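Asker: Starting from the structure of chain A, add chain B where the hints point.
Note that the protein sequences, when read in sequence, are chains A and B.
Residue numbers for the first sequence follow my numbering, so the first one is 1 and each next one is one higher.
Residue numbers for the second sequence follow my numbering, so the first one is 1 and each next one is one higher.
There could be a bad hint or two in this list.
The calculated DSBU-like cross-link candidates involving lysine-lysine, where the alpha carbons are at most 35 Å apart (straight line), are [stated by the list, open to error]:
(1) A:K251 with A:K171
(2) B:K168 with A:K171
(3) A:K56 with A:K251
(4) B:K168 with A:K268
(5) A:K268 with A:K251
(6) A:K251 with B:K168
(7) A:K169 with A:K56
(8) B:K168 with A:K56
(9) A:K169 with A:K52
(10) A:K171 with A:K56
Some chain A residues flagged as far from chain B (calculated, every beta-carbon gap over 12 Å) [unchecked claim]:
(11) H100
(12) N111
(13) D261
(14) P274
(15) G275
(16) P343
(17) Q371
(18) A393
Simulated from the structure, these hints should not be mistaken for lab results.
This one's a predicted model, so the numbers in the text were calculated from it and none came from an experiment.
Just so it is clear, CB atoms sit at the ideal spot from N, CA and C, and this is done for glycine as well.
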Amino acid sequence: MSEQFDDLPRTMFEKIWDRHRVLDREDGQTLLYVDRHLLHDGGATAFDVLRKRGVKPRAPDRTFATPDHYVATDSRTIAEIQDPRHREMVEKLARNTAEHGIRMFGLGDPNQGIIHVVGPETGLSQPGMLLVCGDSHTSTHGALGALAFGIGSTEVAHVLATQTLWQRKPKTMRITVDGTLGDGVTAKDVILAIIAQISAAGATGHVIEYAGSVIRGLSMEGRLTLCNMSIEAGGRAGMVAPDETTYAYIKGRPYAPADWDDAVARWKRLPSDPGATFDAEVTLDGSAIEPMVTWGNSPEDALPIGGSIPDPADAADEERREVMHRMLDYMGLTAGTRLDTLPVDRVFIGSCTNSRIEDMRAAADVARGRQVAAGVEAWVVPGSEPVKRQAEAEGLHEVFRAAGFAWREPGCSMCLGTNGDIAAPGVRVASTSNRNFMGRQGPGARTHLVSPAMAAAAAVTGHFTDVRKLLAGEA
Amino acid sequence: MEAFVHLDAVAVPIARPNIDTDQIIPARYLSRPREVDHAAFLFHDARRLPGSEEENPEFPLNQPPWRGAQVIVAGKNFACGSSRESAVWALHDGGFRCAIAPSFGDIFQNNSFKNGLLPVRLPAEAVVDLIAQLEAAPGATVSVDLPSQTVTFPDGTTHGFDLDPFAKHCLLNGVDELGLTLSFEEDIAAFERRYGRENSR
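Isolated chain A (complex conformation) (with noise of 0.2 Å):
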C-alpha cells in the first residue's frame, strides 16, 4: 500500500500511517489496524457495548490489561479495596479480561502496574506499531516511536470489535530542542517548557515528532515521560524517531520481538526521511530551561523556579485577565509572590509521567540524608511491580522511609484520585503528575506539577525550590 510513496520523503508518522491502512474512503477517512490494544479498569463500558452487539473481540492476543486507576495503594488484593465502586472496576476487568482471552497483568501479578509504564517496560509497546488505549496518556508510548494515542470509551469498543480505527489523518508538527540541559534540568522541565511557550491547545489536531540534540541525548524514560505530556499542549500523539537508546532499552524485555534482527532492521528505516515537511515547526534552546513549577490550573501555566506568580494586570487580553484571577483565586496565590517561597502541604511523586526507576533515583537523590519538613505529607508511588523492585533492591524505598516518604504500591493513585488518593481541599501539593487542573486532585486541591527531584526537594524544604541548590549542597 505505501509503496507508491516510498520515493517521496516522508515523516516517521506518515510511514507509520500508510504501514497500518487497511482502507481509505473518498471524504477523507482512513481505516487504520491496530498492531497493540492496552485496556486499564477504566473501560468495562466497552464490553458493556460489544456484549450489548453479540460480538467478540477480534484480537485478543493484541490486546493487553492491567489494572490502575481503581487499585488501591495500600493493598495488593481486590478483595482489599475498600470503596465497593473501586473493587467493582477492577473485578470487572478480570473477569472481561478472562472471558475474551485477553493477557491482564492483575493485581499479584509481577508485571501490574500503570498501563503506561507496563506497555514500554514489559517489550509490549514497540518502534512502528500503531497503539492505542482509553486514556489520554497513551501518547505516552510514542517516546519508542509508535503511533500511540488516547480513544474514548466507544472507540475502544470498536477496536476490541474489529481491531481497527477510522482516522481522519492529523496535520504534523515537529519540536526542536537544542543544545544541553543543565544540571537538575529533566524531562519533565522540558515538556513544561514546551508547554508554556505553545499554549495547552499549541499541538490540537496535530502529532508531534520531538528532535534535537536535548531530545537524542534523553534517556527512554526521559523520552516516556516527554512524550507523556504531549496530549497536554493538545497533540494528538507524541513520537521519538528510535536509535540506539531505544533498541538497547527494549531488548531482553519480555515481549520484545521474536524476530529480533529483522524487527530492529525495520525500526532502522522509519526516522523521518531527510525533506519530509512537518505542517508546523517549533524551536527550542533547550540549554535555557529551568527547572520548572506550574502556578495555574493548566499545564501552561508553567514558570522556571526563580519567577514569581505573575500578575492579572499584565493579561495580554481581558480574558486572560479573568482567567488569571479565577486560578490565582483558586490556588490561594497572590501576585508577586516568589514560587520558590510557596509552602506545600503534600507531595505526590508517581503518575505515568513520572514514577519510573530514573524518576526515583532522582527523587532518592535528593531525599538521601535528608527528611521530609514538618506538616508535610509525602508519597512515593513507584509506577509498576517491577518498578517497585528494582527500586526495592537499589535500597530506595528505605531512603525514601528514613526520610519519612510514605512508601506505597504501584497504581495510579494521587494524579487523578479514581481510587480515593486525594488531596482535600485547600491543601497545596507539588506533584510529578501531567494535570494541574481544578479538583484533578481532590475538589478544592491545588496542584503544581514539576519534576520527582523538584517534588523531593520541595518535601524536605517544606516550600518549592530550585534543586540545583540542594543538589550544589546549598541547603
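Answerer: Relative to chain A, chain B alone:
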C-alpha cells in the same frame, strides 16, 4: 446512536478557554456505567459552592434563563484533557446536543460524534461575538442546521462551519460506526493476511 439534524435551542455561554473534562465531570464519577443518568455529574463541582451541595448562583448553568440550554458555547480548547467519554455523556444527559467553540480537545470531539452531540468549530471572533450576544440577552436561542452546516446567532447572522463528511453522515443518519466497520470484515481479513504477524510480538 441518536441522529442530529436541526436544533433551535437556548445557548449558554461559558466564556473561558481550556475548560477541561475534569471540570465537565470530576474523576470520582467515572465508575458509573452508561445506563446511569449522568446529568447530576455535569460540571458537578463548578455548579456548587466550595465544600457544599448548594448551587453556586454565579455558574451560568444554574441561572434560570439558561437552565434548559441545549447548546453550550465556550472558549478555545473546550473539553481538553482526559479521554473520559463520560464528559460527553454528562453533557448529553444534561440536555446538551451541541457545543460551540473555536477548538476542542481532539478526543472529546471524536467522542461527541459517537453520542449524537455536535461539536461546532467557529472562528474565535465569531465565538466572542456569540458569547456577547448570549450574555446581553440571557435565554436567547441559536439555530444549528447540520445539513447546511450553519449556525444562526440571535442577531440573525448565519455562520458556516466545517465538519468531517463521515462524521456528518453518521450524525445525520444516527449511524453507528461499528456496524459499518463490521461490514468491511473482508477488507480487514485481507489486511491481516497481507500483514501477517508483523508487530504481533
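Asker: Would you mind marking each hint as holding or not holding in the structure?
Answerer: Checked hints:
Between K251 (chain A) and K171 (chain A) the CA atoms are separated by roughly 32 Å; this keeps the pair inside 35 Å, and the hint holds. Under the criterion of a C-alpha separation no larger than 35 Å, the hint pairing K168 (chain B) with K171 (chain A) is consistent with the structure, at around 21 Å. At roughly 33 Å between alpha-carbon atoms, K56 (chain A) and K251 (chain A) fall within 35 Å of each other, so this suggested pair holds. Only pairs whose Cα atoms come within 35 Å are accepted, and K168 (chain B) paired with K268 (chain A) is rejected, the gap being roughly 40 Å.
Simply put, K268 (chain A) and K251 (chain A) have alpha-carbon atoms about 15 Å apart, close enough for the 35 Å limit, and the pair holds. Restraint check for K251 (chain A) and K168 (chain B): not satisfied, since their Cα atoms lie roughly 45 Å apart, outside the 35 Å limit. For a cut-off of 35 Å, the pair hint linking K169 (chain A) to K56 (chain A) stands: about 28 Å separates their Cα positions. With a CA separation close to 28 Å, the supplied pair K168 (chain B) and K56 (chain A) stays within the 35 Å bound.
The suggested pairing of K169 (chain A) with K52 (chain A) holds, with an alpha-carbon distance near 31 Å, which does not exceed 35 Å. Restraint check: the Cα-Cα separation between K171 (chain A) and K56 (chain A) comes to about 33 Å, which is no more than 35 Å; the hinted pair holds. Against chain B, the non-interface label of H100 (chain A) holds: every CB pair exceeds 12 Å, the least being about 17 Å. Listed as outside the interface, N111 (chain A) is consistent with that label: its C-beta sits roughly 15 Å from the nearest C-beta of chain B, beyond the 12 Å cut-off.
The beta carbon of D261 (chain A) is kept farther than 12 Å from every beta carbon of chain B, the shortest such distance being approximately 15 Å. With a least CB separation of 25 Å from chain B, P274 (chain A) remains clear of the 12 Å interface cut-off, as annotated. Distance check for G275 (chain A) against chain B: the nearest CB is about 27 Å away, which clears 12 Å, and the non-interface claim stands. With a least CB separation of 21 Å from chain B, P343 (chain A) remains clear of the 12 Å interface cut-off, as annotated.
Every C-beta of chain B lies more than 12 Å from that of Q371 (chain A), the closest at about 32 Å, which supports listing it as non-interface. No Cβ of chain B approaches the Cβ of A393 (chain A) within 12 Å, the least distance being about 27 Å, so the stated non-interface status holds.
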